[in-house]
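Single-letter residue listing:
There are 4 protein chains.
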Amino acid sequence: MEQAGIVGHRGYSGAELVRILERHPGVEPVLLEHREEHHAAPRIRRAQGPKQLPCTPEAVEAARLSVVFLATPPEVSMELAPGMLAAGAKVIDLSGAFRLRTSEAYSRWYKEPHTQPALLAEAVYGLPEYCRERIRPARLISNPGCYPTAANLAIRPLVEAGVADRAVGIICDAKSGVSGAGRKPSLKTSFCEVTENFSAYSILHHRHVAEVLLVSGLEEREFSFTAQLIPIDRGILETIYFRSDKVKSAEELLDLYEARYAGEPFVRLYHPGQQPDLRGVARTNFCDIGVTFDAATGRGVVVSAIDNLVKGAAGQAVQNMNLALGFAETEGLL
Amino acid sequence: MEQAGIVGHRGYSGAELVRILERHPGVEPVLLEHREEHHAAPRIRRAQGPKQLPCTPEAVEAARLSVVFLATPPEVSMELAPGMLAAGAKVIDLSGAFRLRTSEAYSRWYKEPHTQPALLAEAVYGLPEYCRERIRPARLISNPGCYPTAANLAIRPLVEAGVADRAVGIICDAKSGVSGAGRKPSLKTSFCEVTENFSAYSILHHRHVAEVLLVSGLEEREFSFTAQLIPIDRGILETIYFRSDKVKSAEELLDLYEARYAGEPFVRLYHPGQQPDLRGVARTNFCDIGVTFDAATGRGVVVSAIDNLVKGAAGQAVQNMNLALGFAETEGLL
Amino acid sequence: MEQAGIVGHRGYSGAELVRILERHPGVEPVLLEHREEHHAAPRIRRAQGPKQLPCTPEAVEAARLSVVFLATPPEVSMELAPGMLAAGAKVIDLSGAFRLRTSEAYSRWYKEPHTQPALLAEAVYGLPEYCRERIRPARLISNPGCYPTAANLAIRPLVEAGVADRAVGIICDAKSGVSGAGRKPSLKTSFCEVTENFSAYSILHHRHVAEVLLVSGLEEREFSFTAQLIPIDRGILETIYFRSDKVKSAEELLDLYEARYAGEPFVRLYHPGQQPDLRGVARTNFCDIGVTFDAATGRGVVVSAIDNLVKGAAGQAVQNMNLALGFAETEGLL
Amino acid sequence: MEQAGIVGHRGYSGAELVRILERHPGVEPVLLEHREEHHAAPRIRRAQGPKQLPCTPEAVEAARLSVVFLATPPEVSMELAPGMLAAGAKVIDLSGAFRLRTSEAYSRWYKEPHTQPALLAEAVYGLPEYCRERIRPARLISNPGCYPTAANLAIRPLVEAGVADRAVGIICDAKSGVSGAGRKPSLKTSFCEVTENFSAYSILHHRHVAEVLLVSGLEEREFSFTAQLIPIDRGILETIYFRSDKVKSAEELLDLYEARYAGEPFVRLYHPGQQPDLRGVARTNFCDIGVTFDAATGRGVVVSAIDNLVKGAAGQAVQNMNLALGFAETEGLL
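Residue numbers (my numbering), protein chains in the order written: chain B, 10 to 343; chain H, 10 to 343; chain R, 10 to 343; chain P, 10 to 343.
Mixed in with the good hints there might be a few duds.
Any copy, or any two copies together, can satisfy a pair, since identical chains are not distinguished.
Straight-line distance between alpha carbons at most 30 Å, and here's what the computed BS3-like set of lysine-lysine pairs gives [claimed, not checked]:
{"hint": "1", "residue 1": "120", "residue 2": "257"}
{"hint": "2", "residue 1": "193", "residue 2": "60"}
{"hint": "3", "residue 1": "197", "residue 2": "60"}
{"hint": "4", "residue 1": "120", "residue 2": "193"}
{"hint": "5", "residue 1": "120", "residue 2": "60"}
{"hint": "6", "residue 1": "257", "residue 2": "193"}
{"hint": "7", "residue 1": "255", "residue 2": "60"}
{"hint": "8", "residue 1": "60", "residue 2": "257"}
{"hint": "9", "residue 1": "193", "residue 2": "255"}
Calculated from the structure, these hints are not laboratory results.
My request is simple: use the sequences and hints to build the entire structure.
What follows is the structure, given as structure tokens:
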């Protein structure tokens, strides 16, 4: 039985990681206590939670953790990663700290300097559908962002196949449940501000744009992205617009996705006329994709749906762990 | 005191009409009972509702109603409109029956024949910001659809000013609260199917596309439209994407909207960096518009928000009534 | 035109006060800026909000405000009230600072000392249906709590008429929307913690119990109260249980309420078999009451519903202002 | 591998049954097609659902189904049960058809005659915590109602121990998510009627009262019950009020529950001061119980929470199946 440490297990992604690992037959979760916190009083009698350890390289080394998940803000991930790696654990980071390729890109999009440029160069981007073989041997895996996961799985086949008219560009209109904003209380995520409401934010300038460009192969001027907040707990749905004079029908478009994702356990395609919804992916590691194409106008729409806390965070992190530790890729995830 | 009949007052738009007219100082609402229905038992003691009349031309004529609102499906509106007009009432129709210009267009988008082609030719489209002077003397006013109202108020200034690159086209990603689907129970609008969910429907082929093309001046191949269901009661927010090499900044874009909508009582513009949300327009007749523009890529985004039952239906209908009966345009609506 | 100051206008009750007063024909709202705050950037172009003044007795006196509303925490209300009274304004306090009769009672239920015992003695409890004549001449009006308003309007008629079996006692199971907890961000009121959830808090020991006992006339051992959080924005519904061998039917019970509330503009009674719901009172100043009685078992249930921000806070405050300034009691509230 | 038929697999309880059984290591679900329905178009490509069979005794016998779940209305359950039993399957009925003991009781509470009085006499009530040994050998198991499950697990220990003052009686204020009303579209469960709303129904006369009396041992005059609709998908929380001069503290009360439920895998108790919520039981087969007691007034409150579709329906049905087929009681449920 391998042991997996989780830093940030009180956040929504971290708590989801604990839940998934508790069902994983080959791994036992260990809570790493990053900071002194107000510990909530125990609630349920006789309930026994996971093992706990201090969040130090010494403790990680002594306990021989195989992997440490960092479900922490980027600056904390940059601070903790070197020690955990030195302690012999593989590190899977759920923050944005190691997703871009250069310190410059990081500074531009994250508005703060990168403190671990060497690790940035070493980190492997953890989107298994496109980077599987590099993930297996990696020491440091950078788990993709939630918006980019849904976007890249939908867009990259269009770009790879040269189907989309890049002069016209691709539009990604993204909608996310509120858990994507994290568990820290703020007015923006207060119930009374969110319920019966809907709004857009970070229009054209969301930091996740950098990750979409990097993976999809699009240029900046070829891509527009808007993030929007839906009054639900979890889920991301992205509506992606493109134009093409290369494909002739939704069926032809679907064949292209079928060819690309044949054998992929976590990408599901919808029949023409059918569309994914968030309920269909909730609490699963699936990315569901549906396509529409109007031959008369050459206009196409791809809808891509994930659970932001699973395929968009904790589930994909476990998928990466499975690859890195040699488990079946779907272990604990179906 | 003028009297205004409402057919379909049990539906969401009709009930909203009754509420607005009850506060209107110059008009008294009269419920027209279109069909035998299971009458709900009276609930509140000593409560007195609006006056009721049978839904017949004779009753309308005898009671000298100045106007009749049809908050009914298109086929019912086509059936009722001629009699109400003959009875001397102006007619404001909230259905799609009289929004397009020809029987052919109607058949194509509504998938059924039009039974009143003569009235179709006579009907005036009731978007006051663009058709005010034709609305005043009209006998038959066709109240705009909810999606097209938000879309056209945002898109037409871009088209009129020649700012948007029409070869690239304009994308409208629309999201609506559930009341837009009407009050008739269906699985699609059941609470358990909608809550904690989000989905797209009628992608590229929604019947409201025809209305947007007609008013905005866009060609079919220049426009993509997707409708989506948000788990909220009321509100429409549309995120509209375009490209331009004519404007240089969000400020310049806003000046264009300011010029177009100066003096318009129900269009509000947001400062650059600020965005409308649905809460800001709920239960109001406002259309709120915010713009973003990225000069480096030439990409722009316009966000347009309305309450689908007010500016998208009942409120705009009363705005049209005010014009047609000679009241101040904002009477009962601020 | 009288002027009314509002301290705490950024909170949910305070903002509701501003909205109501903007529609009041005889009063103009003035925002009193209690503290240096991060001022939000202005959002809407050319929008003009209410007049603003510093929150000082000097400014209040110079501007000759007729009344100052304190939509502030109890400790702030105790701090501000004396100065505002000295400046010649009537004060309507929406906090719990002046609702109980003695410093001792206040310390017991609010867990902190009362700093203005003299004002506590002077304050008049602002439940118009029971204290109307004392409210009219009052300088300092203590606006009732949200839970107690719904509870007392339902319970006191039972106690006054000697109908309820007091040995068995009365149970009040209360449910509230989230806005009742105020606008300050906290984990408890975060969207992801509240949505798709429901929970009880302050079981048997809520501080509002003191107010219910005081007004209803019940003894502590005769009353159980539980507060619960519903995932909605606004509204309180209370389900109240009692036993009686004095009444024989729901009709008889309703007659008792009818007699008590004849002529009350803001209490509405439901026919037997009909029940109030929160939608029916949302954004209104009504308290809706429905009753059920089972003669075979002598068991009765009264359901009482209000909008916690209107009849439970801002609306009732304006009702009190109307009484204190000599307006019609319903002015601005129907 | 045993095979389990499910009739009514399109309803919310039936669909939950399929989901649970798909994870059960010893049982394979088989969909029994009860009636010609509009079959939804297949949505996901290459997806393979469970096996399907006609809903006939012949098919059930030929396929040697070990058990058939009836997630159907009572009248359909009465119609199908005899044939399924004759075909050699055990039957677990999720409707109310076989929950009461006599035809007379059934007619009184369900307002229609019982057509299978012999089976009514044979049926075993499937609340494992109280009827475990009778469930194991049973041919026909009547799965408890959702409200009664939460009520009886909380109330019966109080009655058994003689702790509650029965002259005062016990009040159960119950709140349920909307899925409890089933999947059939109706105005009452339409999104726009339910969201931002809350209401009570069947006050004092809900048909589930009969089941609570039967299992808890209370008399009709000792019990008041109100059902209420929360705007959430799933979950039941019941707040239960009693008076006692026998217990002295919450701790003492908890000891009583601990003693009763020691070793019960699906009943969890909360520490004093802590309360269950619906999120804690969502998608689990747990019943969570928290207690409060005020020694000064002798008043106690028990909060009981379940997922209405799991412990309140499909999960408990699988728990019963595990007992009846000889699996570990928790198989597929943790």
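**Study point:** Index of numbered hints that the structure contradicts, given in increasing order
**Key:** 5, 6, 7, 8, 9
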